[in-house]
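Engineer: Keeping the supplied structure of chain A fixed, place chain B upon it in accordance with the hints.
Note that the protein sequences, when read in sequence, are chains A and B.
193 is the number that numbering that gives the first Met the number 0 gives to position 194 of the first sequence; each next residue is one higher, with no gaps.
44 is the number that numbering that gives the first Met the number 0 gives to position 45 of the second sequence; each next residue is one higher, with no gaps.
Quick caveat, the hints were computed from the structure, so don't treat them as lab data.
A portion of the hints provided could be inaccurate.
Identical chains blur together in the list; that is why a pair holds if it fits in one copy or across any two.
Only pairs whose alpha carbons sit at most 25 angstroms apart, straight line, appear in this in silico SDA-like list of lysine to any residue [what the hints assert, rightly or not]:
#1 115 to 189
#2 115 to 220
#3 58 to 213
#4 58 to 185
#5 58 to 107
Remember, it's a predicted structure, so these values are computed and weren't measured experimentally.
Number of protein chains: 2
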Amino acid sequence: MRIALLGGTGDIGQALALRWAQDTDHEILIGSRDAGRARQKADEYVTELDSRGVDREVKGFANEMAADRADVVVLAVPAYHVRDTVEAVADRIGDADALVSPAVGMDRDESGFHYKPPGVGSVTELVAETAPEGVPVVGAFHNLSADRLANLDVELDLDTLVVGDDEDAVETVGTLADQIEGLRALSAGPAANAAEVESLTPLLINIAMENEGMHDVGVTFE
Amino acid sequence: MRIALLGGTGDIGQALALRWAQDTDHEILIGSRDAGRARQKADEYVTELDSRGVDREVKGFANEMAADRADVVVLAVPAYHVRDTVEAVADRIGDADALVSPAVGMDRDESGFHYKPPGVGSVTELVAETAPEGVPVVGAFHNLSADRLANLDVELDLDTLVVGDDEDAVETVGTLADQIEGLRALSAGPAANAAEVESLTPLLINIAMENEGMHDVGVTFE
Chain A
0 MRIALLGGTG DIGQALALRW AQDTDHEILI GSRDAGRARQ KADEYVTELD SRGVDREVKG
60 FANEMAADRA DVVVLAVPAY HVRDTVEAVA DRIGDADALV SPAVGMDRDE SGFHYKPPGV
120 GSVTELVAET APEGVPVVGA FHNLSADRLA NLDVELDLDT LVVGDDEDAV ETVGTLADQI
180 EGLRALSAGP AANAAEVESL TPLLINIAME NEGMHDVGVT FE
Chain B
0 MRIALLGGTG DIGQALALRW AQDTDHEILI GSRDAGRARQ KADEYVTELD SRGVDREVKG
60 FANEMAADRA DVVVLAVPAY HVRDTVEAVA DRIGDADALV SPAVGMDRDE SGFHYKPPGV
120 GSVTELVAET APEGVPVVGA FHNLSADRLA NLDVELDLDT LVVGDDEDAV ETVGTLADQI
180 EGLRALSAGP AANAAEVESL TPLLINIAME NEGMHDVGVT FE
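Looking at chain A on its own, in the form it has when it is part of the complex:
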């Protein structure tokens, strides 16, 4: 399978790229608004993987090109860039098996981080509203510490939650999550349940700030 990480030069994009490259045979395409930057970061990922004895090709492209070639497209961009990123690739993703949304709208005050969803209810639903008709949208990978994921020395032992209205797409993305060693996908239901999933992210940041030794805290459900 071909996975495009749009904004794959950022923290969570890098983290997912390294893990998928290490743990699976999927082809990883790094996307950026700046194709040169995407190629540079892709080379860095290849070098890091190589230093760990993992011989893998990871290529960089402009977002549009990465999206055009991929079966699964991950919007690894900040919440405030989700809409323009989807619009930029809209005519390239008609055939995609899934458009994946890990972004969360948050703000911060003196108390901590707070969930601030877009008016439609959640970033996942914003993506669904913005995406071309027929492109199945899945929310996933919100609640993962990018630092923890990007450090390939760390055993994850983490859960991630998957939401979406298209069962096949949800299953595809859940499988991609499960293929990362130490990561388990759990369903949280339809896209209408995405707000409760996304609001876990500011909670995790607050827990990280308030408790000793929990800098890269994640969550497991048992």
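Structural biologist: Just chain B now, with coordinates in the frame of chain A:
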């Protein structure tokens, strides 16, 4: 320490009463709007504890009386009864070390459960707004399955999150949580962060509904 569980005849009240009675020496007072009902349930808890070789006194009272006698008062009532319960006991809790809010506002549609906080932002903040001045309010115990807690055969291995603005009260309630075997309290910061804590409850219910074998799902942060 004396702990009053207002609405202690309900699911989460029963669960906390049994665990504290089993695992600590704190005096447990069961409160209800109906004192007879409180006494009846308290007797049931004593019988259950006795059947497990735990010889403990648990007494039932009208909510006002339970609150009056307690150091820590837990509002183990549904979200829509929080305000009237606080108002009913307001002139009895001036000396309390902590007024504890485990309730969460939720509604349900065909997709699942959704977080519906009161206008002030969270139930914890609603309690703080309603409580007499100087009574420290702490949010805690939101994300625990009452069934799992009430089944004393189950080893918990769970976390619960504590929020509040009064450090002493937060510490007191955190300690009470930690004294339940297998339960760990983590701080999520000031009361202004309560919404992110409370919204974990509908998420857990959605996960329970969507995944096999997770009926009494709880959460751990690592």
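Engineer: With reference to the structure, classify each hint as holding or not holding.
Structural biologist: To see whether the hints hold, each was checked on the structure:
Taking the shortest Cα distances, residue 115 and residue 189 sit within 25 angstroms of each other both inside one copy (20 angstroms) and across copies (18 angstroms). Taking the shortest alpha-carbon separations for residue 115 and residue 220, both the intra-copy value of 24 angstroms and the inter-copy value of 22 angstroms come in at or below 25 angstroms. In this assembly of identical chains, residue 58 and residue 213 lie within 25 angstroms of each other by CA distance neither inside one copy nor across copies; the values are 34 angstroms within and 40 angstroms between. For the identical chains of this complex, residue 58 and residue 185 are neighbours neither inside a copy (30 angstroms) nor across copies (42 angstroms), given an alpha-carbon limit of 25 angstroms.
Taking identical chains as interchangeable, the C-alpha atoms of residue 58 and residue 107 are never at most 25 angstroms apart, the minima being 35 angstroms within one chain and 45 angstroms between chains.
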